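Q: If you want the building blocks of each chain, they are given just below.
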Amino acid sequence: MSNATGRSSSSKRLGGDRLFDALLPAIATLIGLLFGAILLLVLGVNPITAYGSLFQGAFGTVSGITQTLTKATALLLVALGICIAFRGGVINIGGEGQIIVGAIASTAVALALPNLPGMLLIPLTLLAGALAGALWGGIAGVLKARFAVNEILSTVMLNAIALQLMNFLLRGPMLDPEQAAAGTNVPQSATLPDQVWLLRLVPRTLLHTGLILAIILAVLVYIFLWRTTVGYRIRAVGLNPSAARYAGIPVRRYMALAMILSGAFAGLAGAVEVTGVHHRMIEGLSGGYGFSGIVAALFGKLHPLGAIPASAIFGGLLVGADKMQRSVQVPNSLVVAVNGLVVLFVVASDYFVKRRARRRVADVPPAAMPPLAAAVAAESQG
Amino acid sequence: MFNELLQSSVLIGILYSGIRLAAPYLFAALGETVAQRAGVLDLGVDGIMLMGSFAAFYVVFETGNLWLGVAVAVAVGALMGLLMAVISVTYQAEQGISGIGLYLFGLGLSSLLFRVMIGSVKGVSGFPILRIPVLSDIPVIGEIFFNHNILVYLAYLMVPVIWLLFDKTTLGLKIRAVGHNPEAADSLGVSVNRVRYFAVIFGAAMAGLAGATLSIAQLNVWQENITNGLGFIAVALVYFGGWRPLGVLLGSLLFATVNALQLWVQVKGINIPSDLAVMLPYVLTIFVLIFASGRVRQPAALTKPFERSG
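Protein sequences, first through last, are from chains A and B.
Our numbering puts the first residue of the first sequence at 1, with every later residue one more than the last.
Our numbering puts the first residue of the second sequence at 383, with every later residue one more than the last.
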């Protein structure tokens, strides 16, 4: 790409290319939905009826929108953690486990201090959730830093361990005394003191102030990753570990840090689900957010602000899927399959971005490229 | 508890279950070993197993033909592998993430198909026990080793087969070469991506077989998320086994035996809460990963897509 004409023509195309790159996740989602539609046709279900019911359920009514935004809150918090981890070059599959331990810890704290005023108890409860998540993610982070244990595998194991821990606690030490007394033994904790319940934004719906918290945190994560030294270093480690090591950044320590922060956000999501939605710890509270959070983060191009609309879209898909199941009897697992396709198409579409990036390496500073593409560009340059 | 555990009948029972439960881990982990030795981390094993187990179950449920079920599970696994190979080899996707995509796809699609095509949990009659003549009459040994269904024997047979593949065949040499030094392999005229396609599809077909083992040879039912993360454990076992068939065998046996022990503790109602006992294999796996890391070097080009430079 040394010849000048090639460079100028690629500069002209740049605007269009950028737009195309930005739209790639949306295109990937549409393709995913299209595959879903073909699948439904094969199974003898009218896809228009199914998708119509899905979108009507998610975005068509006030109640649907509040449910969508409630799910989006948890998704956004998890997705913010995923942004930090993936930007830092660590793959955090442990969202589910981190959400669970966060929910357990926050429930325990709120139940242990029933006499504290809400002003104190709410931050303490949320902090407990974040710390527990940070610990759970931190185990994987430290194991990677100290013993080179693959974080994908350790987070998967930690998910299973957290799940069993929850099963144990909700059937034993944390079981609601009322359930135990009645002998019904539904695995859930006692109700939290009501001063710790997050305020509902719309009366008689589940939508709570956690949404505002999550949006503020998204902005803060953006500032953290792009405007602070620590954030810059996390990204540098993720972009090109060997270059970061040359620059004197302790790569392993920053990878562990990225994992700890990522866990903290998932743990906070667990705490927010407890204090905002259920007001107690229940089984199945993580609800697959650990995985759908990854989908939302990727859809938002691993950008904290991009994660905001992405979480709303995927929250809507989850809500709409349940509505679709109820009203037209199409199983909601369709959306899980579509989510999987979206992930596959988004990571595959990065290939086109990369190829173009390599062609215009001389024109664009790496910061303007998506992380994977920039890493490749940096490698092929240096 | 310990007195009871040391009774020979109990020990034989646990070892027998260990041998039996190791079969799906063996199929999946040996297949994954082939993919990883070629340089591709396929994290979607669990999703492939779910699809394979459903396919096998459905075929047996509808036709009663067990071997047809196995064949369809292998074919479905291979198709999932083809998808993974297109995304990870041709389109050079980040492999940890594409694996999660494949997992979600398999998880969602298998549940969807189950609910539309079958609806509620039903049973099938799976592969019967095949007592090996003479050998199964040996006391203790015969009971533990030669009293299983045919897929269990096949799983153990795959250990030497994969070992021979790696160490004694040209194809195995090519697989190891593209996983270790793809540039060198390429310069010697080996088509790196073609070998990787083969390895990923082969590994996925084995994962499909692992799924069939679950649904038509062990549990003989199908329910949503029947694997319950077994495929992820299989990926961990590959690391534990140091990317060697014998190491994978050892890891599968260890994991399955601990699992059998934990099941026994649960059934006996011994004063360890069962949920904590279920944790044991996962905790063990983490320790095993700590122990295994650094001892063995992973294939040098693992997770690194290949593209000719220049």
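Be a bit skeptical, because a hint or two may be false.
As the list claims (entries may be wrong) - Covered by chain A, per the in silico footprint, the following chain B stretches (three or more residues, Cβ under 8 angstroms):
1. 401 to 410
2. 492 to 504
3. 539 to 550
4. 601 to 614
5. 655 to 668
To be verified - So the derived list for chain A, only partly shown, Cβ under 10 angstroms to chain B, looks like this:
6. L24
7. G44
8. L153
Since the hints were derived computationally from the structure, they do not count as laboratory data.
Because the structure is a prediction, the values reported are computed rather than measured.
Here a beta-carbon is modelled for each residue, glycine too, at the ideal position from N, C-alpha and C.
Q: Taking beta carbons only, do three or more residues of the region 601 to 614 of chain B come closer than 8 angstroms to chain A?
A: holds (count 3)
Q: Taking the least C-beta to C-beta distance, is L24/A closer than 10 angstroms to chain B?
A: violated, 12 angstroms
Q: With a Cβ-Cβ cutoff of 8 angstroms, does the region 655 to 668 of chain B contain at least three residues near chain A?
A: holds (count 9)
Q: Mind taking a look at whether chain A covers the region 401 to 410 of chain B? Criterion is 3 or more residues with CB to CB distance under 8 angstroms.
A: violated (count 0)
Q: Tell me if the interface restraint on L153/A is satisfied: Cβ within less than 10 angstroms of some Cβ in chain B.
A: With a minimum Cβ separation of about 5 angstroms from chain B (threshold 10 angstroms), the hint on L153/A holds.
Q: Are there three or more residues in the region 492 to 504 of chain B whose C-beta lies within less than 8 angstroms of some C-beta in chain A?
A: holds (count 6)
Q: The region 539 to 550 of chain B covered by chain A? Criterion: 3 or more residues, Cβ-Cβ distance below 8 angstroms.
A: violated (count 0)
Q: Given a cut of 10 angstroms on the nearest C-beta pair, is the interface hint for G44/A held or broken against chain B?
A: holds, 8 angstroms
In this structure, the earlier hints numbered 1, 3 and 6 are contradicted, and the remaining ones agree with it.
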